[in-house]
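2 protein chains.
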Amino acid sequence: MSSPTSSALEQYKAQRASLIEQDYLLRRDRLPSEVSDLESEADAVIRRIRTEEAESIWSASHESIPHPFPGMEFLTGKSIIVKTRLFKILSKMPKGGLLHAHLDATVNASYLWSLALAQPAIYVSTSSVLVKETLSSTLPSFKAMPKDFQSAERSLSGDSYTPGTWVPLNAARNSFDPALGGSTGFDDWIIGSMMISPAEAYGTHNTVAKIWNKFTNTFLVAQGLTRFMPIFADYVREFLYSSIEDGISYVEPRINFLTKFMTGEDGQQDIDHKKMVRIFDGVVKEVKDKMKAEGREDEFIGAKIIYSTIRFITPEELDWYLDDCLALKKAFPHLIAGFDLVGNENSLYPLTYYLEQLLRFKERVQKEGIDLPFIFHAGETLGDGTEADQNLYDAILLGTKRIGHGFSLVKHPKLMELCRDRQIALEVCPISCVCSRLTSSMPAHPLPIILNNGVPVALSSDDPSVFGNMGLTYDFFQVLVASEVAGLSTLRTLAQDSIQFSSLEGSEKEVALRAWRARWEKFLAYIIESERDN
Amino acid sequence: MSSPTSSALEQYKAQRASLIEQDYLLRRDRLPSEVSDLESEADAVIRRIRTEEAESIWSASHESIPHPFPGMEFLTGKSIIVKTRLFKILSKMPKGGLLHAHLDATVNASYLWSLALAQPAIYVSTSSVLVKETLSSTLPSFKAMPKDFQSAERSLSGDSYTPGTWVPLNAARNSFDPALGGSTGFDDWIIGSMMISPAEAYGTHNTVAKIWNKFTNTFLVAQGLTRFMPIFADYVREFLYSSIEDGISYVEPRINFLTKFMTGEDGQQDIDHKKMVRIFDGVVKEVKDKMKAEGREDEFIGAKIIYSTIRFITPEELDWYLDDCLALKKAFPHLIAGFDLVGNENSLYPLTYYLEQLLRFKERVQKEGIDLPFIFHAGETLGDGTEADQNLYDAILLGTKRIGHGFSLVKHPKLMELCRDRQIALEVCPISCVCSRLTSSMPAHPLPIILNNGVPVALSSDDPSVFGNMGLTYDFFQVLVASEVAGLSTLRTLAQDSIQFSSLEGSEKEVALRAWRARWEKFLAYIIESERDN
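Residue numbers (this note's numbering), protein chains in the order written: chain V, 1 to 534; chain U, 1001 to 1534.
Quick caveat, the hints were computed from the structure, so don't treat them as lab data.
Please note that the accuracy of each hint is not assured.
To be verified - As a list, the in silico SDA-like pairs of lysine to any residue whose alpha-carbon atoms are at most 25 Å apart:
id, chain 1, residue 1, chain 2, residue 2
1, U, Lys1083, U, Pro1068
2, U, Lys1214, V, His67
3, U, Lys1414, V, Gly454
4, V, Lys414, V, Gln22
5, U, Lys1330, U, Lys1214
6, U, Lys1414, V, Val35
7, U, Lys1509, U, Arg1422
8, V, Lys132, V, Lys210
9, U, Lys1210, V, Thr84
10, V, Lys143, V, Ile271
11, V, Lys367, U, Ala1008
12, V, Lys78, U, Leu1258
Unchecked claim - Counterexamples of contact, computed for chain V against chain U with all Cβ distances above 12 Å:
id, residue
13, Ala118
14, Asp148
15, Ser155
16, Glu508
Where is the CB? At the ideal position from N, CA and C, for every residue including glycine.
Model the full assembly from the supplied sequences, consistent with the hints where possible.
Laid out in structure tokens, this is it:
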């Protein structure tokens, strides 16, 4: 047979190129004017390293990790990730803002534990007697006690321990049964109760429902420590500095205000929300001042708070929290960014359950001319047409500023169009999705669908202390290695959009974007230089 | 605070209903005129049972199945599925056509094995000595020998066995080492070599790349048996009858024509493709006649063949296969439906590798006025922007009639639009995707995205003998339980579209659709009746 004419082949290739172009037309990282020569050069370096390491690192065999691949299950893959050159490079990247993280899960669990051990006011108890077989499934409870509190117990692990009795933390640690590992076993047990292990995520708790149980428990444990005022300030400070260390220049954590009071230094549970926010505000100012004094003001723009409560309260209770949020907004207008309802959407109340309250609130802030939007979690589910999935309709109809997770958004062509048109950004948390079993691994995550449909995305870590994905480097890494489409333009767009779609306002946002751009240029130069040195 | 006015609430609810309607507007199962009262009633029954069984069956604990949930990993969930009332009902459903199945994987492995044991001409060998530790990873090879063939070996498992030597099948079975399980161990080993076990899919081979290795091996083993002429006819017959038994009224298997000759009854490998297709044709006619004689002609419309070869051949070799396919089409115009290239898209050649050959072929059949379309596998991958993912562009540009799998299509907004507009149906194989680790379980499968974007779908089983999803009942079951949107309209649309988008022509298709519709009405009546009896 004769060859197809070269013109037929040429025509086909032109058609193909045009089709690919159309297919990616909506992507926010495909605005061609924005790619500088420097970025092109750095992008080529990144892509080459990715291809090389897919072979040299991800195709090699690793002890005790039977199936390595780029974008693999994070909890088992992490030890390989940190060995890569790509990870080292990304750790230097200016990440922009962190727009989806739950405050009580933002600081390394070991660090929180070291803060707790320094507080003699803290006591520990368990609801059952500790035995080796059930140790890892038994939860510690923490409570800061007044100075005059007297405990009859000095040990948590003895036969004589009466469940529910409070034991001084350091006494409990020092007397911890050697059969349970002694003080090291004690530390491992506590830290394990605040984190999700690979064995849990991929074995014992390998469904969305079961992992949520473990997940909720990690918060119960951590909050017993973080909500003690002397720890709280240190905790927030560490969150900010470790974020800065990772290249994050702005944070917008969700703070759970469900509990109406936190515990003060004197062991009294009487620190109200206003006092709590004032502490937060003070730490943010302190860090900003310190950064400025070091000439590093570009590295930290600030922080705001998304007020959150949990979606198991009654509609009447919600009214109290909405009022409380509004009062805080009036007291700290520069700090309160929005309102959210958090918790497992699959088992707790949908937004429609609170419809009257939410509509009324929306009307009220509108009338009062206050900028206090909803920033709802919605669609964090595998359900199709379930209440959790349908929360997406309500989040959008109620005017949500962004969507937390929006994992099931990709099922909804009309909603993707609305998010694109109304510029509702999705707070996408790749590693969180893998740990919570919404997706088996990064290559199965719907992020490429979201990006190809032009929906803005702010990449987020969600609960880094629980999953171990501290900072944003891990999440950016997973995105970059799981797609051949993703490159430096993608990372740039994600980082830039995390500022663009943040709650920063007017000139604040301009300053943040300008500072970020300057750092991005330095990052590109660093990539190219690191390649020359290699 | 005052309540939002009831009109504000009403307005919200109307907006919400309208948004949901728009969101699902493209779905092919939402054409409202088609839902009869009978179907509405039956749908309510199905939905009620689904809700009940989600609780009574899927939330209960099951021995050795730690995490049951609707749509769970098929290989472990199967034993629960068969206990449900929903499965029993779906087994009676008229399924329409089976448009994506590889012939050598369409008959229960145990049945194939019983056919093999009845053939004294068949010999077996292994490439290494069998020991307990490596038994399950050692592959048996089969070969039909001429009558005068003499083997020096009577046993496969003795110390004296020389790897590569052919042993008569029954002798090998009868003499199989008791330490390896004797004849039962022999049977288990062979059948295990043709199927994927839960331990393999979710443990030892838990990545797409590793499962493909095992998968390829199952075909190597099975083809040693299916491509022996006396077995081949029985095999095709059993495929047809077991499909009919499951409510499938038309099949369009892909047959792998890579090997140019199959082995005849005399042990000579000299049965060419024309003779092979003639045998297939004869069996189809025989079954049609028998069904007609029983007054059951509505239950079996017929079968066509999609000619396939493997995407590791050279472009020059492809020319031979394209010529061969065209010659078969001319000899059996009623039987040859199209042409495909099969095999692991992630590791073998992309369509672009064969571009010249494929374009030339397309031009040629067009010029000759022959209806012989491509029906390509494409996008059966987790890759984003990889060659396997990009096969979708080429499949569509080359005019594919349907797309086999198209798993990554959901990433491509423009291609989804093209498939919808040009009515290119996707052959979606849910259970295959779970077994091949493209998706962790059914709730994570992209089918809802495909349906919500109005892309036509033909639900298929792919390799039922390898995965154990014989017929189509299992696949329909998994689709129904993993979505609250899916109901009887969805099943009806999927079944109907499997005829609509088949290679049946003109009046054939009309007959098939008419017959199917009558059976669907009976199925609805059966559902309602079964509810009354319950």
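Now the hints, each set against the structure:
| no. | hint | in the structure |
| --- | --- | --- |
| 1 | Lys1083/U with Pro1068/U | holds, 13 Å |
| 2 | Lys1214/U with His67/V | holds, 15 Å |
| 3 | Lys1414/U with Gly454/V | holds, 12 Å |
| 4 | Lys414/V with Gln22/V | holds, 19 Å |
| 5 | Lys1330/U with Lys1214/U | violated, 36 Å |
| 6 | Lys1414/U with Val35/V | holds, 24 Å |
| 7 | Lys1509/U with Arg1422/U | holds, 19 Å |
| 8 | Lys132/V with Lys210/V | holds, 22 Å |
| 9 | Lys1210/U with Thr84/V | holds, 23 Å |
| 10 | Lys143/V with Ile271/V | holds, 14 Å |
| 11 | Lys367/V with Ala1008/U | holds, 15 Å |
| 12 | Lys78/V with Leu1258/U | violated, 43 Å |
| 13 | Ala118 | holds, 40 Å |
| 14 | Asp148 | holds, 43 Å |
| 15 | Ser155 | holds, 35 Å |
| 16 | Glu508 | holds, 32 Å |
Against the hints set out earlier in the document, violations occur for numbers 5, 12.
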